[in-house]
Amino acid sequence: MNVKKVTGAVSALALALGATAATADVLFWSTQAKPVEEAQAMREQVLAGAGGIDYQPNDGGPWLTRLNAELQAGSGSIGVLGALHGDFSAMDPADLVDLDGLGASASATFNNLAMLGTDSMQYIPWMQASYIMAASKEALPYLPEGADIDALTYDQLIEWAGNIKTATGEAKFGFPAGPKGLKHRFFQGYLYPSYTDGVVRTFASDSAVTAWEKMRELWAVTNPASTNFSFLQEQLLSGDAWIAFDHTSRLAGAFNERPDDFVAFPAPAGPTGRGFMPVIAGVAIPRTAPDMDAAKALVQHMLKPETQIATLRATNFFPVVDVALPGDLPPAVQAAGNAVAKMSGSADANPGLLPAGLGSLGGEFSQLYTETFERIVLGGQDIRMVLDEHKVRLQAIMNDSGAPCWAPDAASDGPCPVE
Amino acid sequence: MHSRTLPYLLILPVTVFLGVFFLYPFVLVAQQAFTTGAGFTFDNFTKVTTHWKFPTSFKNTLLLAAAVVPVQLALALLMATMVTNMKKGRDLVLYVWTIPLGISDLAAGIIWLAIFEQSGFLNSMMQGLGFIEQPTNLISYQSPMLVFVAIALAEIWRATAIMLVILVAGIGLIPKEYYEAAEVFGAGPWKRFTRITLPLLRPSLSTALVLRVILAFEVFAVVQALGGTLFPVLMGETYKYQFELLNGGAAAAIALIILVISIAATLVILRVLRVPKGASI
Amino acid sequence: MADISQSRSSGRFVYMSGVVLLCAWVLVPLYFLLINTLSSPEAVNAFPKSFIPEFDLGSLTFFANFAGMLSALKNSIFVAAITMILSIVLGAPAGYALSRFEFRGKETFRFLILLTRAFPLPLLALPLAVMFIRTGIDDTIFGLALIHTTLALPFSVLITFSLFSGIPIELEEAAWTLGCTRLTAFTKVILPLVLPGITASAIFAFVISWNEVFAAAVLTIENRTLTAFLLQNLDTSPLHLKFAGGFILVVPALVFIFAVRKYLFAMWGIANR
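Chains as they are written, first to last, in our numbering: chain P, 1 to 419; chain S, 1001 to 1281; chain F, 2001 to 2273.
A couple of the hints might just be wrong.
[Unchecked claim] Straight-line alpha carbon distances no greater than 25 Å define the calculated DSS-like cross-link-like pairs of lysine-lysine that follow: (1) P:LYS137 with P:LYS342; (2) S:LYS1088 with S:LYS1176; (3) S:LYS1088 with F:LYS2262; (4) S:LYS1059 with P:LYS180.
Everything labelled a hint here was simulated from the structure, so no lab data went into it.
This is chain P alone, in the form it adopts within the complex:
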């Protein structure tokens, strides 16, 4: 009886070991659509029609480690990569297959970014999003008098959150300052453009000092637990935050779960306009892809209008090609879509671009803004001193990478100067 059990176990083991199934699925190795229901929707709704796709979303760490291992080994199983612009720009373009002729987005700016400084498309823009504001309807009565929620200024936002704090005794502005929060994008794409009309050139300017002073004021009315917040939908739903700034897809859960309780609206404006920035995710093919044709077919599939709409439903990321959006989209998509449209259509819009040309220093670049925040706002250090210290590091990053300025900074010959 025991012998039987053992042989049974052994043969099961052998089966499992031999089961390196010879299926020729294209492995879609992605950092996007990670939450379990999004991953499920990607598999069932977006990729089901493409046949034989294995969609695997991963944390950045394993994603990068596996990819680098395959590139180093010279062979691998990843067919198509899905990631953010920043992830691709940190790679060596030689490791990515040229994708000219496989399609492009409707935006020339995005297509240009996707070349990563080369002459051909290194990735194909796949989907886009942005950062917006969201508020619980409970917060609306506290709006400052005369303030239009669709055209707020930073001062009004601070006053609004201050009103709530006075009335309820609690700071209810939620800011994604947690370990996985996207706070650096707020500084790079929202605060700096709105106060200094730049990101790099104006890093240590006098108007930057004003910007950080405002940030301190905002922080004073921000839920102090924000250093643990990375997905503001959670705090909106739990009521720990009544007003929030975050990535559209990180707010989506709140709108989809209780659509009637929340409103979405544009980011606030400062003296130099309403700064905002896009998020672009792309698809690319590593040079080690096992089945190049299948991989290219998958890339093309991702750009089809119906795939783009399915992706929008699955991930709350918007299409990058021209498509007519259907009327029955999920509440989060409608809310976010409206807010983004108002933001980009506002009279004082000051759109910024994603950092480009930084290569592998992209992480260090973002880290610098995060550390500036940590020292000035959390650590209470002198603004001028911190900016002057970090200015040197920023210039070093720009020089080492040779990255020219991007909007809203004025264009530069050679590396972007920190003024």
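With chain P's structure known, arrange chains S and F on it following the hints.
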């Protein structure tokens, strides 16, 4: 079999195995720490140790280990003695106490955040009992002490069982006659514990401590879940360099620093709990 | 007389309440996990929290319909089983050698064992993955088990070492004089004594493998383990799924520990005779 060669034969499989799956990649990674592209250098170490966050994360890591490990040791010893003296329900109680073993650090972080967050269970309980009217922020930058306590509690909850299991297995080997004899001579429970259990348990104690301390220096997931960005630890910095800043050399440098701390702590523990030669037990 | 029995019963009371308190300390956080698992999304986000689960199976049903859960579960069990076997087969002899022999290089060997745990695996994963891809054991259950064995070995070597050290050498020598060879003395006398220790190392090996995410995510693609499949995506998922997923991961490990717990005390009688 010759007793000269026998020990080598016995350790050969492990050595070969670890050589291939640990030493080989370890040497490759460790090399990175000493190179930046232009030959041998200590630049990576200078870079990581002069970063303004390094002293904080270094201090935090050590403080947390210093706060957590002794409590865990005491708790594990207490639990192990309690469970061995038990007549009925020993299996069940021991099982309950070892449950946290099966819970990964990521899952433990999720559980304890649900307790300590503003709308979490602790606040719900305190409000239900009338201690507070409004849920308060327990973990925020305004109350670093509370953050520390929350992290320490979660770590104690999660990782005491590791020591408990090792100690329970070790206590099982102490002959009962020793205790019976001691009782005959009128030794009380405390005396029996300090004079018999503790000395005879030394091998297991040092194993439990060494393993626990090494793991304590690598604490990360629970800290990240509860402390957010407020409580940087060395391991978090390692991952930041490796995966966000894409600086493998700097990541390897911090990892080597953690390694050196671990070795130092191990040496101290082994020395203190050394079983004297010839005193076979 | 009455005094003694009273102090004895009050001691008994302190002892019992200690046991109950410590059980509660372990169980209450888990109970919270259970509540959140069995709650609707609204209840998970509500304040104040209910302390009685509402038995909403929505979150669990979501995972029940999740494609690939079963095969991932099977992979996890196989990896953990192989890890367990390998780490004991490789580790116990080394533990024995450490406890019974003085030999050159002993300290170095012990350090090698400890070093293995003192360096973070995520940094080692890149060279390991390159090696695996080149040798063709990439994306196999066995390959992943090899890595998990590396993580579990320090536990099995050191635990068996400390237990062998706790067994008087005289016991073994007595067996030799009674006609046992080194081998039979080992299997007949020593092995039963260290069964609790072997069980302890087996438990460690199992849970280490079960809960390991990073190597699993990097080294398996089609043969994902449950942890790699679920856990690394949980932190970005909505709260109710986060808890339900965490719960699903915890249960199998608890079943395993429950199944082997009694061996932790096995041969208790023999050890005390």
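Taking the hints in turn, this is what the structure says about them:
1. For the hint pairing LYS137 of chain P with LYS342 of chain P, the CA-to-CA distance comes to about 19 Å; that is within 25 Å, so the pair holds.
2. For the suggested pair LYS1088 of chain S and LYS1176 of chain S, the alpha carbons sit about 18 Å apart, so the restraint of at most 25 Å is met.
3. With a C-alpha separation of about 13 Å, the suggested pair LYS1088 of chain S and LYS2262 of chain F falls inside the 25 Å cut-off, and the hint holds.
4. Between LYS1059 of chain S and LYS180 of chain P, the direct Cα distance comes to roughly 23 Å. Compliance with the 25 Å bound is thereby established for this hinted pair.
When each numbered hint is compared with the structure, no violation occurs for any of them.
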